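S.K.: These protein sequence lines are chains S and B, in that order.
Each residue of the first sequence is one higher than the last, beginning at 1 in the working numbering.
Each residue of the second sequence is one higher than the last, beginning at 1 in the working numbering.
Heads up, a few of these hints could be off.
Said to hold, decoys possible - Okay, derived cross-link-like pairs now, DSBU-like style, lysine-lysine, Cα gap no bigger than 35 Å in a straight line: (1) K27/B to K70/B; (2) K70/B to K191/B; (3) K251/B to K296/B; (4) K18/S to K70/B; (5) K118/S to K296/B; (6) K27/B to K251/B; (7) K82/S to K70/B; (8) K18/S to K251/B; (9) K27/B to K118/S; (10) K18/S to K82/S.
Hints in this document: simulated from the structure, not taken from any laboratory.
Given the structure is predicted, the values throughout are model-derived calculations rather than measurements.
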Amino acid sequence: MEISPELYQDMQDAAAPKSRSYVNIPMAFLAGGLICVLGECILNLLTYWGVEQEAAGSWTSVILVFLSALLTGLGWYERIAKHAGAGTLVPITGFANGVTSSAIEARTEGWILGVGSKIFTIAGPVILYGTAASVVYGIMLMLFGMFL
Amino acid sequence: MAQALARGVLRLTQPVYAAAFAAVAGKKEGEGPMGQCFDRVEPDSHFGQESWEQAESRMQQETIYRAMEKAGAQPEQIDLILAGDLINQCTSSTYSLRPFAIPFLGLFGACSTMAEGIVTGSLLLEAGAGNRAVAATSSHFSTAERQFRYPLSYGGQRPPTAQWTCTASGAVVLDKETTDAPRIQGVCIGKITDLGVCDANNMGAAMAPAAADTLTRWFRGTGTPPEAYDAIVTGDLGEIGGKLLLDLMMKQGYEIHSRYHDCGVLMFDGDRQDTHAGGSGCGCGGSLLCGHFLPKMQSGGIRRMLFLATGALMSPMLVQQGESIPGIAHLVEFVCGEE
Chain S
1 MEISPELYQD
11 MQDAAAPKSR
21 SYVNIPMAFL
31 AGGLICVLGE
41 CILNLLTYWG
51 VEQEAAGSWT
61 SVILVFLSAL
71 LTGLGWYERI
81 AKHAGAGTLV
91 PITGFANGVT
101 SSAIEARTEG
111 WILGVGSKIF
121 TIAGPVILYG
131 TAASVVYGIM
141 LMLFGMFL
Chain B
1 MAQALARGVL
11 RLTQPVYAAA
21 FAAVAGKKEG
31 EGPMGQCFDR
41 VEPDSHFGQE
51 SWEQAESRMQ
61 QETIYRAMEK
71 AGAQPEQIDL
81 ILAGDLINQC
91 TSSTYSLRPF
101 AIPFLGLFGA
111 CSTMAEGIVT
121 GSLLLEAGAG
131 NRAVAATSSH
141 FSTAERQFRY
151 PLSYGGQRPP
161 TAQWTCTASG
171 AVVLDKETTD
181 APRIQGVCIG
191 KITDLGVCDA
201 NNMGAAMAPA
211 AADTLTRWFR
221 GTGTPPEAYD
231 AIVTGDLGEI
241 GGKLLLDLMM
251 KQGYEIHSRY
261 HDCGVLMFDG
271 DRQDTHAGGS
281 GCGCGGSLLC
291 GHFLPKMQSG
301 GIRRMLFLAT
311 GALMSPMLVQ
321 QGESIPGIAH
331 LVEFVCGEE
């Protein structure tokens, strides 16, 4: 009997277990939320210590990025991310993990052609399209400013 | 010369034996249900080397040494070596074999390499290319992750269909003269089969149609029914691919369920070791063939066996271009004792 790709797709759908969204989605919500709570705590603490609001915001990002890089280096981030999923991927910590893990991985190929050229393989798209989106946003802001 | 019973279905007319075999595996594999069967389990996943690629070469080299040692052969007494792995340019094999100075043919068949090596090696020996050959393969979790997926410390979630690349290696010494070892009686060369699976996280499903095609061609070509075998073993279809193979074979009118084993399913305890759909990689089927199944044949536990190593011929670049993943499966028929 000839098996068509369509029939095989149905067979696969029946054989493959589905991702457990009822666990993954709440976990992502919880973990992502906790990272944001942590960010808020750092922000409040910094302003409480007299750091200016805007500077405190930048410092919060720096601290979160540092913590994520540290946990990545210690091999803990991947263990948390395994359960947290998008919760650890979406915040700035996920970006830091993408950069750090690429850098660690490439160190056997040296500082220039290894770490230097491969550090942004995962984060590259975020940087490119993040920059491009901010340009579009800036133009829109400018146009609105002209007419309003 | 081998006799062609059908296209790609060959029966050896002169015996070639799997005279000696060895398997080396990593820590996680050693902690799995099959942990006891390996010749050595190395707790250091770097195998004392600087990089993951060097680690894999080292592991493969040690496996080949051990297999040759068991066969009582020096490298000079090996006429030919056939080896391959998953890493670009088959580097794990070339660097592993660099010190040996044995005539070498590099193979790429993704995870089907163990069977591809035995198929090619036994046909060459039978055709008079020499008396002794080695077929070897390896895979390493970290080299495969690096090349095909993400950096090791990248925080991602694996879907339930994903498989875990085994850090393991297997090597077989093929010999025309040993008499009490498992004998290679026939082989079936796989065809590239593609039923349109595009998901690189579901390799079992991509490979199952190739395994079904090879197995069906073998049964039809030789006229042997599945009941003639004590064991039908696949390399790394995993839970999902295995299920699909049984289903596909059923549709062709063959029931193989009661004698079917998959090395990917056997290698790990999925719940305890968190390996999702099971083990994969050249070393998965290679190490369990050499560490578990061939020794079991030698001790009389299995008399006739079909070993199919299945390979997903996956290129990350072509998958990004929207292409599907072609699969392949080569088959070796092992027989122990008199017919």
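S.K.: Any of the earlier hints contradicted here, and which numbers?
M.R.: Hint check: 4, 5, 6, 7 fail, others pass.
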